[in-house]
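Could you build all of it, start to finish, from the sequences and the hints given here?
If you read the protein sequences in the order shown, they are chains F and S. Take the numbering used here: the final residue in the first sequence is number 275, and no numbers are missing along the way. Take the numbering used here: the final residue in the second sequence is number 1319, and no numbers are missing along the way.
Derived from the structure by calculation, the hints contain no laboratory data. Predicted model only: the values in this text are computed from it and were never measured. Worth double-checking, as some hints may not be accurate.
Stated by the list, open to error - Computed footprint of chain S on chain F, listed as stretches where at least three residues anywhere in the stretch have a Cβ under 8 Å from a Cβ of chain S: (1) 89-99; (2) 200-211.
Said to hold, decoys possible - No farther apart than 30 Å at their CA atoms in a straight line, the calculated lysine-lysine pairs in the DSBU-like style are these: (3) F/Lys162 to S/Lys1314; (4) S/Lys1102 to S/Lys1268; (5) F/Lys127 to S/Lys1091; (6) S/Lys1028 to F/Lys162; (7) S/Lys1076 to F/Lys127; (8) S/Lys1030 to F/Lys99; (9) S/Lys1157 to F/Lys238; (10) F/Lys100 to F/Lys162; (11) S/Lys1157 to S/Lys1268; (12) F/Lys192 to S/Lys1313; (13) S/Lys1218 to S/Lys1127; (14) S/Lys1084 to S/Lys1102; (15) F/Lys267 to S/Lys1253; (16) F/Lys101 to S/Lys1033; (17) S/Lys1091 to S/Lys1253; (18) S/Lys1127 to F/Lys267; (19) S/Lys1268 to F/Lys238; (20) S/Lys1313 to F/Lys101.
Said to hold, decoys possible - Simulated restraints on C-beta separations: (21) F/Gln235 to S/Lys1314: 44 to 54 Å; (22) S/Pro1210 to F/Leu24: 29 to 39 Å; (23) F/Thr6 to S/Phe1087: 56 to 66 Å; (24) S/Pro1210 to F/Gly7: 18 to 28 Å; (25) S/Asn1285 to F/Leu24: 35 to 45 Å; (26) F/Ile14 to S/Val1309: 38 to 48 Å; (27) S/Ile1304 to F/Ile256: 32 to 42 Å; (28) S/Pro1266 to F/Leu74: 33 to 43 Å.
Where a beta carbon is used, it is the ideal one built from N, C-alpha and C, also for glycine.
The chain contents come next:
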Amino acid sequence: MGNKYTGKTFIGEIFAILLGLVFLIPFYYLISNSLKPFAEILSNTSALPKVFMLDNYVNAFEKLDYLKVFTNSLIITVLSNIVLVVFCSMAAYMLVRTKKKISNIIFMTFVAAMIIPFQSIMIPLIKTAGNLGMLNSIWGLVIMYLGFGSGMTIFLYHGFIKGIPVELEEAAIIDGCSRFGVFWRIVFPLLKPITVTIVILNSLWIWNDYLLPSLVLQDPELRTIPLATFFFFGQYTKQWDLALAALVLGIIPLLIFFFSMQKHIIKGITSGSIK
Amino acid sequence: MKNQSELKSVEPTVIPNQTKQASVPFFKRKKLKDAGLFTLFVGPVLLAFAIIVLIPFFTGVYYAFTDWNGITGDIKWVGLDNFKYLFTEDKQFQASFLLTTKYTVVSILLTNLIGFGLALLVTQMLKTRNILRTIFFMPNMVGGLLLGFIWQFIFVKGFASLGQLTGIPFFELAWLGDQNTAFWGIVIVSVWQGAGYIMIIYIAALQNVPQELIEAAKIDGANRWQILRHITMPLVAPAVTICLFLTTASSFKIFDANLSLTGGGPFKSTEMLALNIYTEAFVNNRYGIGEAKALIFFIVVAAITVLQVTISKKREVES
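And the structure:
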């Protein structure tokens, strides 16, 4: 933790940079080989591509039906986020402001259920979902994300709302504003920082989730990026040229999201984990 | 949005009533209105939560004691038979359980040691520390499924090529083709993914260590190791607890990377618990036994989490 840049710091710097390169090696192999023809991948895996060619990408883009799976992933993530933010912020607000036993019981149930691993729910859930007509439906999946995400989302909102003074709302109620209006016009705008954190954490989870959509969306038309990648890999086993290009296409949206939101993401993870 | 208009239309009729009527019905009416609002705000998510989480969880507990196969309608109560079967006959389940425990221990230790080391490194006055933080954290953005596939290529082709180039035996191992190295393959992927995440939490903790303390210790003649051991470590101890349990829960529940990297192979030798439950239910169609496994899985995860909460609460009180 020295404040001056000494010889020791320099050695540390070299070491850190080497370590950084080691961390990047998988990305190097992924990207450089995705630009090579199949024969070159086999003969010259570690080298840079002789010519940069995008044929693999064109091919994988078509075979994956990339635009469609990307849109599916986007629709599911956006809808789930909206539903989670709207209903969980409302619920958390009411649970904080209603000082009754029932509020406490409901809140504790949401928090306690966060322990339940997905595997302990999935078997009956898929059966129930089948009976309720929620399978093969984007809305069905969105409602499931509302259920699964509600624990953490309500928990984070609850903690944040507790710190907001009630006086503002009381003044608005005296002025004739309804509770509904008070929440959406006065309280909700104040929740922006925690909403950003919540949207980031939920987006990463939902965008990357494989197991739940694989059980719910059997129709190939509805596949998300992780689902499409999984089936693509099964179909083109060992066809690394196509598979690697498909993987790059799969991680590009995440990396763009990461680089544009880096500060928020890191803040979100720090605050999300400590609570 | 429909709700909003309903509320607005109700209010004007309520207010004149309140002024005219005696105080008892007024309170009753207010109470009713409050209950209505409470239902309006809390109801939708509570309903989704009950249908998606609570009801399936409790019916799942019930199914753990039955011979349900998911297809036929008649479900027979079999008592503890499923559990007896798991603990006496199902060798694959026992192997998965042990493997998952071993994996969890190894992965927690390595992820935390490396994550803490990275945090120490990038909180030094390095010129490249910001870009290094980004690099170390980046693997965490990509989901386990895609990472598993990426690493499948690295292990199969990348390592083979590095082995040819350098002649280092490490790269010439069979990796995913052998049960021991395949296990370490999963560990490598999860450490590579998780260390950056843990690093972020440790960085936050390290930045809260007061610089004056370290300066004072330096003046008193303490060396780097002594400062780390006696000043930094005790002050970041709460973060260590958080990270240990975060990694414990997530390691124990590993599924995606397991599925895409090894698929449980070779010959089911790297099949962790979550994948084992999945196969039992959706490949073998033995829902009753799958649920019994899921219940054991839940009990272990719940025990870890309850332990975590108790310990961190105790810490909070002490400090």
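Hints, one by one, checked against the model:
1. For the segment 89-99 of chain F, the proposed coverage by chain S is satisfied: 6 residues have a C-beta within less than 8 Å of a C-beta in that chain, meeting the threshold of three.
2. For the segment 200-211 of chain F, the stated coverage by chain S holds: 6 residues have a C-beta nearer than 8 Å to a C-beta of that chain, and at least 3 were required.
3. A distance of roughly 23 Å separates the Cα atoms of lysine 162 of chain F and lysine 1314 of chain S; the hinted pair therefore holds under the 30 Å criterion.
4. Note on lysine 1102 of chain S and lysine 1268 of chain S: the hinted pairing holds, with a Cα-Cα distance of about 16 Å set against a maximum of 30 Å.
5. Annotation: proposed proximity of lysine 127 of chain F to lysine 1091 of chain S holds, straight-line Cα distance about 28 Å (limit 30 Å).
6. Taken as a hint, the lysine 1028 of chain S and lysine 162 of chain F pair is honoured in the structure, with Cα atoms around 28 Å apart against an allowance of 30 Å.
7. For the proposed pair lysine 1076 of chain S and lysine 127 of chain F, the alpha carbon gap of about 17 Å is at most 30 Å, so the pair holds.
8. As the CA atoms of lysine 1030 of chain S and lysine 99 of chain F are separated by approximately 16 Å, the hinted pair is consistent with the 30 Å bound.
9. A threshold of 30 Å between alpha carbons decides the hint, and for lysine 1157 of chain S with lysine 238 of chain F the separation of about 10 Å falls inside it, so the pair holds.
10. Distance restraint check for lysine 100 of chain F and lysine 162 of chain F: the Cα-Cα separation of roughly 15 Å lies within the 30 Å cut-off, and the hinted pair is therefore satisfied.
11. Straight-line distance between C-alpha atoms of lysine 1157 of chain S and lysine 1268 of chain S comes to about 22 Å, which keeps the hinted pair within the 30 Å bound.
12. This hinted pair checks out: lysine 192 of chain F and lysine 1313 of chain S have alpha carbons roughly 28 Å apart, not beyond 30 Å.
13. Between lysine 1218 of chain S and lysine 1127 of chain S the alpha-carbon distance is near 23 Å, which keeps this suggested pair within the 30 Å criterion.
14. About 23 Å separates the Cα atoms of lysine 1084 of chain S and lysine 1102 of chain S, which keeps this hinted pair within 30 Å; it holds.
15. For the given pair, lysine 267 of chain F sits about 25 Å from lysine 1253 of chain S by alpha-carbon distance, which is consistent with the 30 Å threshold.
16. Restraint check: the Cα-Cα separation between lysine 101 of chain F and lysine 1033 of chain S comes to about 18 Å, which is no more than 30 Å; the hinted pair holds.
17. Between lysine 1091 of chain S and lysine 1253 of chain S the CA atoms are separated by roughly 20 Å; this keeps the pair inside 30 Å, and the hint holds.
18. In summary, the hint linking lysine 1127 of chain S to lysine 267 of chain F is supported, as the alpha carbons are separated by about 22 Å, within the 30 Å threshold.
19. With a C-alpha separation of about 21 Å, the suggested pairing of lysine 1268 of chain S with lysine 238 of chain F holds against the 30 Å cut-off.
20. For the hint pairing lysine 1313 of chain S with lysine 101 of chain F, the CA-to-CA distance comes to about 23 Å; that is within 30 Å, so the pair holds.
21. Remark: the range hint 44 to 54 Å for glutamine 235 of chain F to lysine 1314 of chain S is upheld by a beta-carbon distance near 52 Å.
22. For the hinted restraint 29 to 39 Å between proline 1210 of chain S and leucine 24 of chain F, the CB-CB distance of approximately 34 Å keeps it satisfied.
23. A C-beta distance of roughly 59 Å is found between threonine 6 of chain F and phenylalanine 1087 of chain S, which places it inside the suggested range of 56 to 66 Å.
24. Between proline 1210 of chain S and glycine 7 of chain F the CB atoms are about 26 Å apart, so this pair conforms to the stated range of 18 to 28 Å.
25. Judged by the Cβ atoms, the range 35 to 45 Å given for asparagine 1285 of chain S and leucine 24 of chain F holds: they are separated by roughly 43 Å.
26. In this structure the supplied range 38 to 48 Å holds for isoleucine 14 of chain F paired with valine 1309 of chain S, their Cβ-Cβ distance being about 42 Å.
27. For isoleucine 1304 of chain S and isoleucine 256 of chain F, the Cβ-Cβ distance of about 35 Å falls inside the hinted range of 32 to 42 Å, so the restraint holds.
28. At about 37 Å, the CB distance of proline 1266 of chain S to leucine 74 of chain F agrees with the hint of 33 to 43 Å.
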